[in-house]
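Engineer: Residue-level listing of the chains:
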Amino acid sequence: MSKTFTLDGQPIPFSTGQTIIDAALDAGVYIPHLCHHPDYTPHGSCKLCSVIVNGRVCSACTFPAAEGQEVLSHTDELNEDRRRITQMLFVEGNHLCPGCEKSGDCKLQAVGYYLGMHDNHFVHFFSPRKLDASHPDVLLDLNRCIFCTLCVRASREKDGKDVFAISGRGINKHLIANSASGLLKDTDLEASDRAAHICPTGAILIKRTGYTTPIGARDYDHQTIAEVSLERERETHDG
Amino acid sequence: MTDKKLKIATVSLAGCFGCHMSFLDIDERIMELAEVAEFDRSPLTDIEHCGNCDIGLIEGGICNSENVHTLREFRRHCKILVAVGACAINGGLPAYRNYIPLEECLGESYLDGIGVENPQIPSDPELPLLLNKVRPIHEIVKIDYSLPGCPPSADVFWKFLTDLLAGREPVLPYELIHYD
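Quick note, the sequences are listed as chains A and B, same order. Position 35, counted from 1, in the first sequence is what our numbering calls 35; the numbers after and before it change by one each time, with no gaps. Position 178, counted from 1, in the second sequence is what our numbering calls 178; the numbers after and before it change by one each time, with no gaps.
Don't take every hint at face value.
Claimed, not checked - Calculated cross-link-like contacts (lysine to any residue; reagent style SDA-like; alpha-carbon spacing at most 20 Å):
1. A:K130 x B:K142
2. B:K133 x A:R84
3. B:K133 x A:S127
4. A:K130 x B:L93
5. B:K142 x A:V91
6. B:K142 x A:V123
7. B:K142 x A:G99
8. B:K142 x A:F122
9. B:K133 x A:H222
10. B:K159 x A:H222
11. B:K133 x A:E70
12. A:K173 x B:Y99
13. B:K133 x A:V123
14. B:K159 x A:V123
15. B:K142 x A:M88
16. B:K133 x A:F147
17. B:K133 x A:N54
18. B:K133 x A:T62
19. B:K142 x A:D119
20. A:K130 x B:I26
21. A:K130 x B:N118
22. A:K130 x B:K7
23. B:K7 x A:H121
24. B:K159 x A:D119
25. A:K130 x B:K159
26. B:K133 x A:G116
27. B:K133 x A:K173
28. B:K133 x A:L72
29. B:K142 x A:K173
30. B:K142 x A:R129
31. B:K142 x A:S127
32. A:K130 x B:Y99
33. B:K7 x B:I26
34. A:K130 x B:R97
Derived from the structure by calculation, the hints contain no laboratory data.
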């Protein structure tokens with residue numbers, strides 16, 4: 001008999017040491033997330049995957065599943081919190097979708113669609129951020145960075161490099177490239193690196209590939225991020 | 001519903017009229033709309049000031065003092081005020097100037113730009129003063145609904161207005177929600 005917990009009343013099997021979000025994804029249940037990726041060490045920073053575990057709010061990406069847990073995820077209140085969190089991400093950075101070539105393939109945008117977010121609610125920061133176009137093949141646009149650290153983790157854990165890091169605190173927090181000049185061109189990043197492809201938003205883009213997939217045929221044009229996320233999860237497991 | 005037609009006002013502030021063009025893409029459905037609604041202030045009617053209306057559709061963000069006055073006039077006169085399109089919702093394309101000091105923007109356009117003759121910053125008292133930053137409209141007045149998109153498709157306008165006219169809470173299906 002495998003061990004199970006309940007997620008919104010549905011029994012979810014899990015293996016020892018598995019987090020709530022990974023067990024849920026394996027069972028075909030989507031919990032909204034941005035900084036989580038099953039291939040990388042959990043970071044627990046975006047808080048979109050906040051769920052209620054036995055009455056307390058926890059991050060599903062860091063909280064270990066346990067026998068008999070009662071987990072709530074798709075409640076109106078949690079989804080309202082998630083919508084507000086997404087709106088905060090939108091006003092903190094400079095996310096102007098009509099001018100972004102990631103539009104349609106962007107997870108931040110897709111989470112907004114999924115949560116029925118129609119506006120940004122809060123006052124926009126409009127704070128100027130840097131754009132680094134120095135690398136021959138990769139563009140780094142900090143306006144769109146949401147500090148999920150997936151590129152940091154991908155570079156360290158999969159590429160065996162250490163190209164990215166987060167520097168500064170609070171409102172001054174920003175992504176940096178690991179080179180003496182601070183420029184991406186002086187790091188050992190290559191366009192084939194996992195770190196160059198993992199960004200959920202348009203902060204890291206491969207040059208000269210924009211709009212190769214036309215608008216209308218992109219990831220989230222006809223499918224929700226829940227459907228796409230579970231499909232990818234199945235492909236990874238079957239592969 | 002009574003025989004009295006609903007009144008709709010529309011305006012483009014710091015926008016490109018693309019949302020209005022998209023609204024007109026409802027094509028022949030505008031005849032159906034005209035049976036139950038009439039237009040007050042709008043580029044379609046050329047009425048200069050907004051009377052009491054049921055629905056106000058605002059395209060574009062706020063870039064100058066006139067935009068602020070117009071937006072407040074709409075808020076005073078419209079029972080339901082709607083942010084239409086990316087610029088109204090987050091500033092959109094005009095908000096790209098927010099990352100450059102206003103003085104530099106004016107300098108580039110009117111003093112130092114290539115081909116500028118008789119360089120001077122326009123200062124006619126008739127001209128509305130620019131705000132230091134372009135702002136989305138919800139930062140100035142309360143907004144009741146937002147229709148995302150650049151522009152929102154004709155079907156977004158149609159779904160939203162037919163829901164409202166039928167007395168339903170407007171709901172956009174997944175395929176109609178786009179930020180681009």
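Engineer: Kindly indicate which numbered hints from before are broken by the structure, ordering the numbers from low to high.
Structural biologist: Violated hints (numbers, rising): 1, 2, 7, 9, 11, 14, 16, 17, 18, 20, 21, 22, 23, 25, 26, 27, 28, 29, 30 and 31; every other hint is consistent with the structure.
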